[in-house]
Structure formats: C-alpha cells, structure tokens
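Enquirer: Line order of the protein sequences matches chains L and A.
Letter 95 of the first sequence, counting from 1, is numbered 95 in the working numbering, and no numbers are missing.
Letter 39 of the second sequence, counting from 1, is numbered 39 in the working numbering, and no numbers are missing.
Watch out, some of these pointers could steer you wrong.
[As the list claims (entries may be wrong)] EDC-like, lysine to aspartate or glutamate: derived pairs with alpha carbons at most 20 Å apart: (1) L:Lys-3 with A:Glu-54; (2) L:Lys-3 with L:Asp-96; (3) L:Lys-3 with A:Asp-50; (4) L:Lys-3 with L:Glu-43; (5) L:Lys-3 with A:Asp-53; (6) L:Lys-3 with A:Asp-15; (7) L:Lys-3 with L:Asp-47; (8) L:Lys-3 with A:Glu-51.
[What the hints assert, rightly or not] Where chain A lies over chain L, by a calculated footprint (3+ residues, C-beta under 8 Å): (9) 15-23; (10) 54-60.
It is worth saying that the hints were derived from the structure and are not from the lab.
Glycine included, each C-beta is placed from N, C-alpha and C at the ideal position.
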Amino acid sequence: MVKQRMRRGDEPPSPHALVVRGLAASHNGNSVFDRTLLTIDAELNQDLYGFAGLSAWLVTPDWPLQRILDEKLPRAQRVALIPVEGLSALGLTAWDTGAAPHVDLVALDGGLETLVEGIMAISCDSMDNPYYAREESS
Amino acid sequence: MIVIDIEADLNLVDDQGRNVARLPMGRPQLEPGSIAVAGRPGFWSWVEIDEIDEGFVHFRQVSAQQAAARGPLEVLPHR
Chain L
1 MVKQRMRRGD EPPSPHALVV RGLAASHNGN SVFDRTLLTI DAELNQDLYG FAGLSAWLVT
61 PDWPLQRILD EKLPRAQRVA LIPVEGLSAL GLTAWDTGAA PHVDLVALDG GLETLVEGIM
121 AISCDSMDNP YYAREESS
Chain A
1 MIVIDIEADL NLVDDQGRNV ARLPMGRPQL EPGSIAVAGR PGFWSWVEID EIDEGFVHFR
61 QVSAQQAAAR GPLEVLPHR
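All chains, full assembly: derive it from the sequences and hints.
Expert: This is the structure:
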C-alpha cells in the first residue's frame, strides 16, 4: 500500500540555493550520476509514496552545507551539489518532504523518465565529502 | 571489501527520519533489532533494523562501535 508522504509547507527554495545528494561509487565514466541507480531510486520512491522522487538535502541558513555533510551525509564519500535554478529549466522542482532539510526532486509532469533524464542532464558539481566517516567492515 | 546486505539509497529517509529500502529476498535473518550493512559502495553504513513492512525495510544508521556493541560484526550469510 502506498504511504502518505509528509510535506512541511515551506516556502519554495530560493533559485540560488543548492541541494545536495550523496553519491555511491559509480563506474559511469565522467557523469556525476548513474542513470541505473537514479531509476532504481525513483522507482522505489514511487512504490513507497506514489510519486517518482529522488531524495536530496536542501541547503538553508539553518542547514548550511557543512552541517548537511556532517550530520546527514557522513557516510557518503562523494556528494553532488545541484543548483535549484537548474532544476526548473529541466522541468524539475524540489518538494519539502519529511523532516528538514530533506527534499524530493520531482518532475513537474510527474514522470519518472523526465526526472531521471533531467538529473542526468543537469549541470552540477561533485566533491569529496570532508566529513566522510570511513568505517571498516570488522 | 564490505559486503552489503541491503541495497539502499541512504539519501532516502521516511517521515520518522529512518532510511528505507526494499527488503532483500531470501534474507530471513533481517528482523527488527538486527544489525546489517546497508547502502552502496562509497555510501554505506552499519544499520539497525527498525521495522519490516510490506516488502520494505526501515532502519537507522549506527556507528561501527554501536554495531559492535550488539555482537560480533559478521556479514549475514546469503541464502
């Protein structure tokens, strides 16, 4: 059964804001994102909550980048920095889902393919996470 | 090299702040309270299973120290 996803009712993010997404290691050449993984993740969100979405973290005054990297993404070796203003040009937006600063990147037309192709096409940077906390298996 | 028990996007959290993923097939050892490894290469964590619900598994990230406090850190055997 599809679950209800909480929306916080925040103001829309500033076009000058960034959203951050932790990245898995990928063998996808020079691309920041892996299309297969994005599709898997958007499908999971669709099955869980009834809409195609990709989880990310919105940088705000309460949640500056360093805090997100340290508290929300300490297990991510690399992260992508996605400009909010780049989303709308590709038919995407960020929904204020769950607890701040979590957001879901979604396509305005609701399409999973629009979402994945938009994220693959977006101009963004990636960086090593200076707060990455390496842990061994045993 | 780490062996991942639960393939997961650790960006995804539910409304209770827990990570969530599809429940892997054939892993009866995964039950509430058990320790596992979730994520993907380059983005994984020790986790404690919180809830299994309709084919999904909800879990919270824990440190290796917290995981070790629950018992030996052994990779769950695949069946």
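Enquirer: Does each hint fit the structure? Answer for all of them.
Expert: Hints, verified against the model:
no. : hint                  : verdict
1   : L:Lys-3 with A:Glu-54 : holds (11 Å)
2   : L:Lys-3 with L:Asp-96 : holds (16 Å)
3   : L:Lys-3 with A:Asp-50 : holds (17 Å)
4   : L:Lys-3 with L:Glu-43 : holds (14 Å)
5   : L:Lys-3 with A:Asp-53 : holds (11 Å)
6   : L:Lys-3 with A:Asp-15 : holds (10 Å)
7   : L:Lys-3 with L:Asp-47 : holds (9 Å)
8   : L:Lys-3 with A:Glu-51 : holds (15 Å)
9   : 15-23                 : holds (count 3)
10  : 54-60                 : holds (count 4)
Violated hints: none; the structure is consistent with every hint.
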